[in-house]
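Colleague: If you want the building blocks of each chain, they are given just below.
Protein chains: 2
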Amino acid sequence: MFDIEKSLGFLLAKVHQRGYALFKEELDRYNLTPQQFSLLAFLWQEDTLSQAELAHKTQIDRTTIGGLIDRLEKEQLAERLPHPDDRRAYQICLTDKGKGLEQELCAIARTVTDRFVARLSAAEHETLRTLLEKLRD
Amino acid sequence: MFDIEKSLGFLLAKVHQRGYALFKEELDRYNLTPQQFSLLAFLWQEDTLSQAELAHKTQIDRTTIGGLIDRLEKEQLAERLPHPDDRRAYQICLTDKGKGLEQELCAIARTVTDRFVARLSAAEHETLRTLLEKLRD
DNA sequence: TGGGTATTGACAGTATGCTGATTATAAGTA
DNA sequence: TACTTATAATCAGCATACTGTCAATACCCA
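Quick note, the sequences are listed as chains A and B, same order.
Read in this note's numbering, the first sequence has 118 at position 118, and its numbers run on one by one without any break.
So the number in this note's numbering is just where the residue sits in the second sequence, counting from 1, plus 1000.
Worth flagging that the hints you see were computed from the coordinates, not collected in a lab.
Heads up, some of the hints might be wrong.
Said to hold, decoys possible - Label pairs and their computed distance ranges (CB to CB):
id	chain 1	residue 1	chain 2	residue 2	range
1	B	Thr1063	A	Glu25	32 to 42 Å
2	B	Glu1005	A	Asp61	17 to 27 Å
3	B	Glu1075	A	Gln76	42 to 52 Å
4	B	Leu1120	A	Asp47	31 to 41 Å
5	B	Met1001	A	Leu81	44 to 54 Å
6	A	Arg115	B	Glu1075	21 to 31 Å
Claimed, not checked - Stretch-level coverage of chain B by chain A, calculated; a stretch enters the list once three of its residues show a Cβ under 8 Å from a Cβ in chain A:
id	segment
7	1001-1014
8	1028-1042
9	1068-1081
10	1085-1093
These numbers come from a predicted model, not from an experiment.
Ideal Cβ positions, reconstructed from N, Cα and C, are used throughout, including at glycine.
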């Protein structure tokens, strides 16, 4: 009646699960998770964002962002500075250690992605990316 | 250096997140989650599996399965019966209520999927499914 | 200026998803 | 049979993800 194994939602969940596990395994020795990496990746592009701005950009819930930043602070990769214009907000900034990991972690991300999509041709990979972009938001 | 917004892993996470939220919204009035639905979907196909067998089939961690079944039991959709051949294990069975929801919930799943992929043509939907199947496992 | 409304981040509560340890039971082997 | 190893489920602990609530602060409008 409903073939869950072939349904898009289930497949999406399982493929995501596999990619997540692959990446997490590589990040483990940095005490980082894929979500923490993604937050770092946005901060490498643009530092000094508030938590709300980060939540918006990353599409991560603002209460979840709080915990992620707690853990990045614990690893001394980021810090909360008072926001100069808004006493309710923080400015989230990378530490030197956080900035210094960019090359190393991005190289890992690329390697993991290559391994993850090894069964796809370059064209298929690009098709998949395009289709996923259509489904975002 | 690393465009996280265009990376496959990030896109996969965000598309999954959107589909999950759409489905969850519809399941809310049944007090169910998409994961609980997927467990039900496997049980509609084959009842009386042990937790370990369910974990294997659904690719959900065995400790997570335990909690999912707790909550299906609380909703009186499934129950743990003693396994006839193995005193360590349970036989997980659907209740009549659990069996009775099949048509209704599958209809919702199909409707949500249609809404989710509305921006794709039928051919694109099928391409996406095929590519995801290649990336599973 | 004053008052209503919106926003920022914190906290509590719930549901996944996983690791590692533990208990009970099965199964295989000497 | 006795010993060892493997398996089924549970529990504790941690990291997401989200809901709803709250206090502090900002903003907007009359």
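Colleague: Give a verdict on every hint.
Modeller: Hints, verified against the model:
In this structure the supplied range 32 to 42 Å is violated for B/Thr1063 paired with A/Glu25, their Cβ-Cβ distance being about 19 Å. Judged by the Cβ atoms, the range 17 to 27 Å given for B/Glu1005 and A/Asp61 holds: they are separated by roughly 18 Å. The hinted range of 42 to 52 Å is satisfied by B/Glu1075 and A/Gln76, whose Cβ atoms lie roughly 44 Å apart. Range check, B/Leu1120 to A/Asp47: about 36 Å between beta-carbon atoms, so the 31 to 41 Å window is met.
Between B/Met1001 and A/Leu81 the C-beta distance comes to about 24 Å, which lies outside the given range of 44 to 54 Å. Checked against the given bound of 21 to 31 Å, the beta carbons of A/Arg115 and B/Glu1075, roughly 40 Å apart, lie outside it. Proximity of the segment 1001-1014 of chain B to chain A, defined as three or more residues with a beta carbon under 8 Å from a beta carbon of that chain, is established by the 12 residues found. Using a Cβ-Cβ cut-off of 8 Å, 4 residues of the segment 1028-1042 of chain B lie near chain A, which meets the minimum of three, so the contact claim holds.
Counting residues of the segment 1068-1081 of chain B whose beta carbon lies closer than 8 Å to any beta carbon of chain A gives 0, which falls below the threshold of three, so the coverage claim is violated. Under the rule that three or more residues need a Cβ within less than 8 Å of chain A, the assignment of the segment 1085-1093 of chain B is violated, with 0 such residues.
Of the hints listed earlier, those the structure fails to meet are numbers 1, 5, 6, 9 and 10, in rising order.
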